[in-house]
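Whole structure, please, built from the sequences with the hints as guidance.
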Amino acid sequence: MDFELSEEQKAIQTMVREFAEREIAPVAQELDEREEFPADIVRKLADLGLMGILFPKEYGGAAMDYISYALILEELGRYDASVALTVESHNSLCSNHIYLAGTEAQRRKYLPQLASGKVLGAWGLTEPASGSDAAGMQTTATLDGVHWVLNGTKNFITQGSVAGIYVIMAITDRSKREKGISAFILEKGTPGFRAGRKEHKMGFRASDTAQLIFEGARIPKENLLGELNHGFIDTLMILDAGRIGMAALSIGIARGALEESLKYAKERQAFGQPIANYQAIQWKLADMATEIDAARLLALQAADLRDRGQPFTKEAAYGKLFASEIAMKAASEAVQIHGGYGYIKEFPVERYFRDAKFCAIGEGTSEIQRLIIARQLLGRSYI
Amino acid sequence: MPVNIIVCIKQIIDPEIPASQFKIDPGTKRQVQGSHSLVISAYDQNAIEVAVQLKEKHGGKVTAVSVGGASAATALKSALSMGADEAILVDDPAIVASDQQGIAHVLATATQKVGVFDLILTGCVSGDWGDRAVPAFMAEELGIGCVGFVSRIEAKDGQVVLRRVVEDGYELIEAKTPVLVSIISDETNTPRYPKLKDIMAAGKKTIPVWKAADLGVDSERIGAAAARALITDVYLPVKESKCEMIEGDTPQEQAVKLAARLRELKLI
Ligand SMILES: Cc1cc2nc3c(=O)[nH]c(=O)nc-3n(C[C@H](O)[C@H](O)[C@H](O)COP(=O)(O)OP(=O)(O)OC[C@H]3O[C@@H](n4cnc5c(N)ncnc54)[C@H](O)[C@@H]3O)c2cc1C
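So the protein lines, in turn, are chains S and X.
For the first sequence, numbering that gives the first Met the number 0 begins at 0 and goes up steadily by one.
For the second sequence, numbering that gives the first Met the number 0 begins at 0 and goes up steadily by one.
It is worth saying that the hints were derived from the structure and are not from the lab.
Just so we're clear, the structure is a prediction, and the values are computed from it rather than from any experiment.
Among the hints, a few may not be true.
Claimed, not checked - In silico DSSO-like pairs for lysine-lysine, Cα to Cα no more than 30 Å straight-line:
| hint | chain 1 | residue 1 | chain 2 | residue 2 |
| --- | --- | --- | --- | --- |
| 1 | X | K204 | X | K56 |
| 2 | S | K117 | X | K56 |
| 3 | S | K9 | X | K22 |
| 4 | S | K56 | X | K60 |
| 5 | X | K241 | X | K22 |
| 6 | X | K175 | X | K56 |
| 7 | S | K43 | X | K196 |
| 8 | X | K196 | S | K108 |
| 9 | S | K56 | S | K43 |
| 10 | X | K54 | S | K9 |
| 11 | X | K241 | S | K262 |
As the list claims (entries may be wrong) - To be clear about the criterion: a stretch of chain X counts as covered by chain S if any three or more of its residues have a C-beta under 8 Å from a C-beta of chain S, and this derived list gives those stretches:
| hint | stretch |
| --- | --- |
| 12 | 68-77 |
| 13 | 190-197 |
Unchecked claim - Partner residues aside, some chain S positions facing chain X, computed with beta carbon under 8 Å:
| hint | residue |
| --- | --- |
| 14 | E6 |
| 15 | A10 |
| 16 | I11 |
| 17 | M14 |
| 18 | F18 |
| 19 | L47 |
| 20 | G48 |
| 21 | L49 |
| 22 | A61 |
| 23 | M63 |
Here a beta-carbon is modelled for each residue, glycine too, at the ideal position from N, C-alpha and C.
Shown next, in the form of structure tokens:
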């Protein structure tokens with residue numbers, strides 16, 4: 000067992016940390032308030048290779064391992080969870096689905112565009128009436144000559160209104176439930192497809208979340224992604240790896256909560272001394288730090304298993320579950336340590352608190368993570 | 000015309016740490032690293048940026064050289080990931096505790112071993128000791144010109160135009176190459192963030208380690224025994240703060256008195 004990062008991993012961590020401190024931190028609060036998508040930052044991230052992290056160089060990617068990926072998302076999440084989610088969903092969900100399930104022609108056509116950051120990726124599974132129960136979707140795809148015709152609505156889709164390339168899950172054989180779902184690649188501008196309402200959110204306000212509407216949207220037959228009726232199985236695989244990213248992003252938020260709290264506890268005086276002198280505050284800080292480290296170890300364990308080609312479903316769920324829940328806890332304690340100042344917008348912990356809540360909802364709620372873990376422990380016969 | 004450049008970089012303890020965490024070892028009279036990270040001295044990073052930009056424009060080769068311990072390889076990898084083509088570490092126990100002239104001698108011999116160069120770049124001042132001596136000593140040793148505090152370099156027709164920052168403005172200096180230039184920061188030479196792929200490529204490159212003997216260094220001129228500058232004491236300045244109330248009947252009067260007092264204290 001080796002807990003030491005490689006020289007390259009450390010260099011990547013340093014680079015992203017410096018970038019986040021200098022380029023993202025100063026504008027994060029304003030982007031949040033204005034609900035503004037960080038297009039400039041995304042362009043710069045693309046130039047550094049962060050919009051094509053996971054896939055190989057021949058498709059324009061940086062061919063990074065999952066440990067590096069987790070380090071990158073933690074650093075981005077430290078200052079701006081919205082930027083981190085943009086990078087996460089673009090890489091983990093849309094790009095990774097095309098890379099892992101796509102044909103050679105699809106990879107060559109779409110991945111270099113996604114890596115360049117000139118075109119953003121989105122991934123549509125959730126619908127107005129189905130989230131956790133993703134297989135209960137209503138959107139359909141029917142073959143009509145050389146086209147697939149999509150009808151339905153997708154909900155809460157990250158990069159929904161700013162993406163250029165979409166991966167969409169739809170029913171291709173209703174009688175087979177999850178074994179009758181397929182994935183498709185769809186481009187912006189496809190007739191019959193449009194982005195609908197942009198959501199106004201509690202947190203992650205600089206991340207773009209929108210509805211997608213398909214009214215007889217016609218896409219070429221060759222845009223089926225992966226095998227016919229295999230879309231749901233691929234989706235589970237994509238979400239497994241995505242959880243490593245969501246765990247890392249959550250750890251970033253938690254670390255922000257701790258770092259801001261450490262700073263504040265030393266500065267803030269009450270009853271003639273810094274509040275850091277009080278054990279009630281010290282214990283909060285100690286718990287936060289311990290839980291952050293535990294969460295990081297879980298996330299990196301899952302990443303390491305993934306990198307070594309070992310099964311990692313359960314470990315990724317551990318990481319996502321634990322990291323997202325301690326992020327909420329850390330953010331809540333950070334607001335508490337800041338007292339009244341924690342509740343107003345001058346201090347960033349107010350934003351961390353709003354952002355952290357989503358971590359236990361997106362890409363599988365905490366309840367669903369526990370379900371996944373329990374299934375791994377008990378076997379499928381106990382569902 | 001391609002420009003071949005050697006950039007000398009120094010790895011130092013992160014100077015951004017709070018003063019309260021700054022510790023001095025009374026024996027060696029050097030800062031204790033503790034858990035603080037090591038970084039490339041800030042202006043040296045600007046020097047790398049200037050070098051890489053020149054290479055991108057004119058072609059040529061950038062070689063980064065550092066005198067230091069094994070850890071300095073990380074600084075050199077960082078230079079490689081920013082676009083340097085090669086990096087060389089000069090690491091020898093005999094060099095430890097050399098003074099500025101000793102280090103300049105080692106660097107000068109190292110640059111001669113690298114071979115042909117048009118420019119040698121350094122930072123204008125190091126972020127730890129800050130005594131600005133090495134560039135000039137090095138140029139003297141190599142018998143080439145030296146221009147300090149330069150923010151921009153333009154290369155044309157076998158010579159370079161150097162923009163040297165002076166109080167209230169800048170001077171443009173034409174210099175024949177080879178020349179040694181020390182670099183100061185400005186908005187054109189902000190160090191770039193290395194790209195993921197360049198970090199990985201740098202990871203794969205090997206950094207040769209040269210010993211004093213490989214360079215033909217004069218052993219009489221290096222190490223603590225040869226040092227001509229001796230540090231007798233290093234201490235943290237004691238910071239005192241006191242509060243002085245400025246009296247006055249009206250805000251205007253208070254402001255005038257405040258300004259007068261600040262001027263008296265030579266603060267404005
Ligand atoms: C900001 C944001 C961005 C998003 N981005 C995307 C995206 O890019 N792509 C995408 O496809 N989706 C996206 N989503 C959707 C997100 O993945 C879903 O909201 C999430 O999976 C939960 O689904 P739901 O909202 O339908 O809740 P529901 O599934 O309706 O859940 C409601 C509650 O019931 C619980 N529950 C449900 N089933 C069970 C069960 N079997 N056992 C115990 N408890 C259960 C849940 O845990 C939850 O507490 C995003 C959502 C948001 C808010």
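Right, here's what the structure says about each hint:
Of the pairs offered as hints, the one joining K204(X) and K56(X) holds, with about 23 Å between alpha carbons and a cut-off of 30 Å not exceeded. With a CA separation close to 25 Å, the supplied pair K117(S) and K56(X) stays within the 30 Å bound. A C-alpha spacing of about 25 Å is found between K9(S) and K22(X), which places the hinted pair at or below 30 Å, so the restraint holds. Of the pairs offered as hints, the one joining K56(S) and K60(X) holds, with about 25 Å between alpha carbons and a cut-off of 30 Å not exceeded.
Taking the CA atoms of K241(X) and K22(X), the gap is about 25 Å. The hint holds against a cut of 30 Å. Annotation: proposed proximity of K175(X) to K56(X) holds, straight-line Cα distance about 19 Å (limit 30 Å). Between K43(S) and K196(X) the CA atoms are separated by roughly 15 Å; this keeps the pair inside 30 Å, and the hint holds. Taking the CA atoms of K196(X) and K108(S), the gap is about 21 Å. The hint holds against a cut of 30 Å.
As the CA atoms of K56(S) and K43(S) are separated by approximately 19 Å, the hinted pair is consistent with the 30 Å bound. For the hint linking K54(X) to K9(S), the alpha-carbon distance of about 27 Å falls within 30 Å, and the restraint holds. The straight-line distance between the Cα atoms of K241(X) and K262(S) is roughly 25 Å, inside the 30 Å bound, and the hint therefore holds. Coverage of the stretch 68-77 of chain X by chain S holds in this model, with 3 residues showing a Cβ closer than 8 Å to a Cβ of that chain against a need of three.
A count of 5 residues in the stretch 190-197 of chain X with a Cβ less than 8 Å from any Cβ of chain S is obtained; the coverage claim is therefore met, three being the minimum. Residue-level restraint check for E6(S) holds (minimum Cβ-Cβ distance to chain X is 6 Å; threshold 8 Å). The beta carbon of A10(S) comes within 5 Å of a beta carbon in chain X, closer than 8 Å, and the hint placing it at the interface holds. Restraint check, I11(S) versus chain X: the minimum CB separation of about 6 Å is within 8 Å; hint holds.
Taking 8 Å as the C-beta contact cut-off toward chain X, the hint placing M14(S) at the interface holds, the least distance being around 5 Å. Interface restraint check for F18(S): the shortest CB-CB distance to chain X comes to about 5 Å, inside 8 Å, so the restraint holds. A cut of 8 Å between beta carbons decides the hint on L47(S): the least distance to chain X is about 5 Å, and the hint holds. With a cut of 8 Å, the hint placing G48(S) at the interface with chain X holds, because the nearest CB-to-CB distance is about 3 Å.
The interface hint given for L49(S) is met, as the beta carbon of that residue sits about 7 Å from the closest beta carbon of chain X, less than 8 Å. Interface hint at A61(S): satisfied, since its Cβ lies 4 Å from the closest Cβ of chain X, which is below the 8 Å cut-off. The closest approach between the C-beta of M63(S) and any C-beta of chain X is roughly 6 Å, which is under the 8 Å cut-off, so the hint is satisfied.
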